[in-house]
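Q: Could you put the whole structure together from the sequences, leaning on the hints where they help?
There are 2 protein chains.
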Amino acid sequence: MRTLLHMPFDPPSRMVRLVLAEKGLAARLVESPPWKDDPSLAAANPARSIPVLLDAPPTGGEIAVSPALAIAEYLEEAYPVSPLLPATSAGRAEVRRLVWWFEMKFEREVNAVLSRQRIDARLAGRLQYDRAAWLAGCEAMRWHLDYVSWLLENRAWLVGEKMTLADLAAAAHLSVNDYIGAVPWAEFPLVKDWYQSIKCRPAFRPLLAERVEGLPAPSHYADLDF
Amino acid sequence: MRTLLHMPFDPPSRMVRLVLAEKGLAARLVESPPWKDDPSLAAANPARSIPVLLDAPPTGGEIAVSPALAIAEYLEEAYPVSPLLPATSAGRAEVRRLVWWFEMKFEREVNAVLSRQRIDARLAGRLQYDRAAWLAGCEAMRWHLDYVSWLLENRAWLVGEKMTLADLAAAAHLSVNDYIGAVPWAEFPLVKDWYQSIKCRPAFRPLLAERVEGLPAPSHYADLDF
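Line by line, the protein sequences give chains A and B. Each step along the first sequence adds one to the number in the numbering used here, with nothing skipped, and position 127 is 127. Each step along the second sequence adds one to the number in the numbering used here, with nothing skipped, and position 102 is 102.
A hint or two may mislead.
No copy is singled out in the list; a pair is fine if it fits within one copy or between any two copies.
Claimed, not checked - Computed cross-link-like contacts, DMTMM-like style, restricted to lysine to aspartate or glutamate with a CA-CA straight-line distance of at most 25 angstroms:
id	residue 1	residue 2
1	LYS105	GLU187
2	LYS36	GLU107
3	LYS36	ASP146
4	LYS162	ASP146
5	LYS36	GLU139
6	LYS105	ASP38
7	LYS162	GLU62
8	LYS36	GLU187
9	LYS23	ASP37
10	LYS23	GLU213
11	LYS162	GLU77
12	LYS162	GLU76
13	LYS23	GLU77
Don't read these hints as lab results, they were simulated from the structure. These numbers come from a predicted model, not from an experiment.
A: Structure (structure tokens):
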């Protein structure tokens, strides 16, 4: 059966789960912490990163796909129902730019010092708190939210009038940091409205139900009318 | 005119130049050092990373595309001549996995401590030499060459019997480190043969002619029969 090696609070893994759900594709979820030396992860992806999708495509054979953007491109090609990439080359280029933006820039400037420190480090048993890094992450978060606001000033979704993979990527990354209360929604009303539209989608429900042991979510986290 | 904001010894920029040349597409090359606070780079790409392609696609309008893999996907869609992605979804997924491999893993483990230190740091005027990091980079380089050898054991090119974007990505990354003599070719004859096939292509010639001031290339660097 279609299987996703993932972690519940890994933003790229969440993006892929949203893509699967939006396309109505079921997948068995297998937790695969990249900080453990797991031979099944290494066999599926020599880079030992998550997520990895194991699938039997409609055209036959078996396939192991990674990283997240390659999985999304693969699912878009193999299962074109509910497309998440625009019809034009320019639109697709803009979606890819923004997915990379979150996978690379937001990951390095925000996740690495906020959610990865608070959640992944706790799960890996090496929790530590660096106040200077945390404050730098919070400042970077505001800068990114400001950029997302700017994008939303003239568009209903990040890349135009339709929801795309760029929205799912952004929402996946924000959701994990929202779990640790690190998203100052009140200061960015446009981003809050946009996030609420995604949060209400059935695809998002399973994500909002997940919890980290010993780390309770803020009350607004799973509230659809926060 | 089609313009590429790039640096001559930036591996992702080199990959895009190879794609343009393989497709027979001319482009004006504009050097745009990401370590300088260049407003034209920020305007073309808010992430301030290179390469950025400015193009007027056949369908009309103007477009600024980044990062490198998104540029390659865009060129493949807009100019399908001389395709560099395989026809199957599985093949395309494998190409994307390997391009990410070099853009992320090889970049972090090898470029960051070898070519970026020796070339970019020199150009940015902040040259420093960290022997421990250099040795770790050389060890990582061997590990990566071993992986490429393994891929080439059963295939003529990295993803099968045809040259793809994965080969151009790998060759671009290796070429920059070859300029500083950091590729132990003699230990990896399969990789050497494969690299020679790419090095001989007309698309590669302009890259081999470039020099860094004050840093001579080893004699084998531009030698097609090294």
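Q: Against each hint, give a clear statement of whether it holds in the structure.
A: Checked hints:
For a Cα distance limit of 25 angstroms, the shortest separation of LYS105 from GLU187 inside one copy, 21 angstroms, qualifies, whereas the shortest one across copies, 36 angstroms, does not. For a Cα distance limit of 25 angstroms, the shortest separation of LYS36 from GLU107 qualifies both inside one copy, at 20 angstroms, and across copies, at 23 angstroms. Proximity of LYS36 and ASP146 under a CA criterion of 25 angstroms is satisfied inter-copy only: 23 angstroms between copies versus 36 angstroms inside one chain copy. Proximity of LYS162 to ASP146 under the C-alpha cut-off of 25 angstroms is restricted to the intra-copy arrangement: shortest distance 21 angstroms within a copy versus 45 angstroms between copies.
In this assembly of identical chains, LYS36 and GLU139 lie within 25 angstroms of each other by CA distance solely across copies; the values are 22 angstroms between and 31 angstroms within a copy. In this assembly of identical chains, the alpha carbons of LYS105 and ASP38 lie at most 25 angstroms apart only when taken from different copies (18 angstroms versus 27 angstroms within one copy). Within a single copy, LYS162 and GLU62 get their C-alpha atoms only as close as 32 angstroms, which misses the 25 angstroms cut-off; across copies the closest is 21 angstroms, which meets it. For a Cα distance limit of 25 angstroms, the shortest separation of LYS36 from GLU187 qualifies neither inside one copy, at 38 angstroms, nor across copies, at 31 angstroms.
Taking the closest pair of Cα atoms, LYS23 and ASP37 never come within 25 angstroms of each other, the shortest separation being 32 angstroms inside a single copy and 42 angstroms across copies. Taking identical chains as interchangeable, the C-alpha atoms of LYS23 and GLU213 are never at most 25 angstroms apart, the minima being 30 angstroms within one chain and 53 angstroms between chains. Taking identical chains as interchangeable, the C-alpha atoms of LYS162 and GLU77 lie at most 25 angstroms apart whether they share a chain (19 angstroms) or sit on different chains (21 angstroms). For the identical chains of this complex, LYS162 and GLU76 are neighbours both inside a copy (16 angstroms) and across copies (24 angstroms), given an alpha-carbon limit of 25 angstroms.
When the C-alpha separation of LYS23 and GLU77 is checked against a cutoff of 25 angstroms, the pair qualifies both within a copy, at 12 angstroms, and between copies, at 23 angstroms.
In this structure, the earlier hints numbered 8, 9 and 10 are contradicted, and the remaining ones agree with it.
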